[in-house]
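The listed protein sequences correspond, in order, to chains A and B.
Sequence positions in the first sequence follow this note's numbering and run 189 to 576.
Sequence positions in the second sequence follow this note's numbering and run 189 to 576.
Hints listed in this document are in silico derivations from the structure and should not be mistaken for laboratory results.
Predicted model only: the values in this text are computed from it and were never measured.
Please note that the accuracy of each hint is not assured.
One copy or two, either will do: identical chains are not told apart, so a pair holds if it fits within one copy or between any two.
What the hints assert, rightly or not - Pairs of lysine to aspartate or glutamate residues, derived as DMTMM-like cross-links and limited to a Cα-Cα distance of at most 25 Å, are as follows:
# : residue 1 : residue 2
1 : Lys327    : Asp198
2 : Lys572    : Glu446
3 : Lys204    : Glu216
Number of protein chains: 2
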Amino acid sequence: ALTPRQAIQDRGIDLKLNHEATGIQPAEKRVIVQSAAGTSEETYDYLLIATGASPHTGGIPVSAKERVFFIKNLDDAAALQTFIDEAKPRNCAVIGGGYIALEMLEALQVRGLSTHLVHRRSHLARTFEPEISEIITQKAARMGIKLNLNTAVEAVAEKNGQAAVQTPAGDLFFDCAVLALGVKPNTGILKNTSIKLGVKEAVQVNRYMQTSAHNIYAAGDCAETTNLITGKPAHVALALKANKEGSIAGTNICGGREQFPGTLGTAILKFFDLGIARTGLTKDEAKENGFEPLQFKISSHSKAGYYPGGGLLTSILTVDQRDGRLLGAQLAGPLDGVKRIDVYATALANRMTLEQLYDLDLAYAPPFSPLYDPVILAARVGKKLLRS
Amino acid sequence: ALTPRQAIQDRGIDLKLNHEATGIQPAEKRVIVQSAAGTSEETYDYLLIATGASPHTGGIPVSAKERVFFIKNLDDAAALQTFIDEAKPRNCAVIGGGYIALEMLEALQVRGLSTHLVHRRSHLARTFEPEISEIITQKAARMGIKLNLNTAVEAVAEKNGQAAVQTPAGDLFFDCAVLALGVKPNTGILKNTSIKLGVKEAVQVNRYMQTSAHNIYAAGDCAETTNLITGKPAHVALALKANKEGSIAGTNICGGREQFPGTLGTAILKFFDLGIARTGLTKDEAKENGFEPLQFKISSHSKAGYYPGGGLLTSILTVDQRDGRLLGAQLAGPLDGVKRIDVYATALANRMTLEQLYDLDLAYAPPFSPLYDPVILAARVGKKLLRS
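Okay, chain A solo, but in the shape it has when bound (with noise of 0.2 Å):
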């Protein structure tokens, strides 16, 4: 988004690449910093943390780093591409189950390769209900990805040229693997100050991103931040959050007044032409915040059912069915029809009832939804059981 030129010749920012920080010391107010010169310090008014995150290994020992890739930036993708283009691989594992490792499945498979997933568990995409969960798993196997699941990785090897990934039924052999675990905050430059950490070691910050420390900031996926519905803690490595995080770190910085709210996990993602969708909590979270959850299921058409074009979409939504308020939501179906899940978002962020919801009135024509859309179409329902 910003070219090192840019930021130095456009906004006079004094840019130090290569340059890392290894140490901060909050009462002295400075930074040591190596570089390719030697160890320095630099002091400062205000300190920004926005260190980001980094994929981890969950323990999982790899030595075949040649074959073996993260992705988490832009040259993480090229390594990989290169990799394909050179080394010709025929198959390649995916060792993971979230956002990331559907992302790459997708990639890799339309690549041409022969993809295969292992993944610890039964339940790819843990942040989802197992319903959902289950219609990607079919969508994968329909797409021609081997499934691997409930397979523990103990090892990553190199072996006879391959990418060796040992499990407790033993190896599975591939031309290579992409890890896709997680990722940790960048804090650990902090774990000696008085910079408090939370969850995951996460930097903790207030609402307008300040850190325990006087004067520093911390922004993006190393900070923690709130979820909107508990109001617990959290860390939430997307993307929307970490840019408005540091916009409002910056403007607080030089004098302003932001603040930023917390999150409710709202995520969204493709999976060949399936897509997937996310607010809230799960029913399971609902139930260990103290909520009495109501959770159903609806399908219904993305579009009026005789126009083409549209099709099947599957509404989770978990209710507190005290009151009947609207606690989360999980879409899936077609591309275009599961980025209403921000009108579930949009319902929280407003802590809205189903009653509500069915009140709203939402844009009807046959090209975009059914009479009732499906927002309303599941309030209905949902009120419905909540009487029953």
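Got chain A sorted already, so can you dock chain B onto it with the hints?
Below, chain B without anything else, positioned relative to chain A:
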């Protein structure tokens, strides 16, 4: 949705087709009915007026009946299709400029007719702001539709086997014409009763769909409703309102207590590959209703800019500059981008401000949205404008 056989056999309804209610006597709880068998009287415990609305002629005398069509129901559409198949017209005029006029322009043009719009204003789809109207006009021209704007129609007469559309500038000749000048509630039989009529002579109802007369309800296109933002009575002939009202009236007649709170006039339309959508007030409506509207426009990608298949989405927001409250939103852009009008409709139902809109946790992934969804981007732009 329901055949006569289903109504009678499955639901036990005493269905009387080809019977016309010609009078209502609320004091006597009686309806006067005309049929082939003559005049009869029916008594009732509860009466539901669900007479709908009919296309009107806008005071234009129409004598070329055989080649002039109104479009209200499936039979009307079938009659026009039959005419096209049998008389093989080469060209057609659409007279009007609203949703039905636009849909008919597309339907006729894709059937290969040379299609002409004749409209007395310069502004198409006048529930939309002029800038959206301009986008529609440009799309119509690009699709080869001939535009006769600012052209009042004085009559449509049969001349030499054609429909002569008479205008102050002379006659325009077409093989057929569609009149799409809006609808009027079918409330003629209520005019000499105690049942109160309101806007456009639609039946006045309260939230329970009760008219001013004891045990008489009304629902659908014949019934007035309330604008949720202004609180004023309105006549909105849209399908979702009609359907919900019918359900609510039926529930209440049977002893329930459901309410229809009102409408935002949310609407969405496909016009070739252009989607347009609206909700809430226009700037002029906001001004007329005592708000202090600020209106602004943004243009943004509907998907990530680098992702294939997206397009530019125009968003026009109207807010109250005193408190930043959203009052209305309109969109024009790719077909799969404009259903996000529902986020605005949900925001309006919750009286959200731009600050709150900006804080929404909406779904992002490149196949679905830019990082800053157009809704969030619009809120960010609007927040800055309000501050300046």
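Should Lys327 paired with Asp198 be assigned to within, between, both, or neither, using CA atoms and 25 Å as the limit? Intra 47 Å, inter 39 Å, cutoff 25 Å: neither.
Are the CA atoms of Lys572 and Glu446 at most 25 Å apart within a copy, between copies, both, or neither? between (41 Å within a copy, 12 Å between copies)
Quick one: Lys204 to Glu216, C-alpha cut-off 25 Å, is that within a copy, between copies, both, or neither? Within one copy, since 21 Å is at most 25 Å while 89 Å is not.
Of the hints listed earlier, the one the structure fails to meet is number 1.
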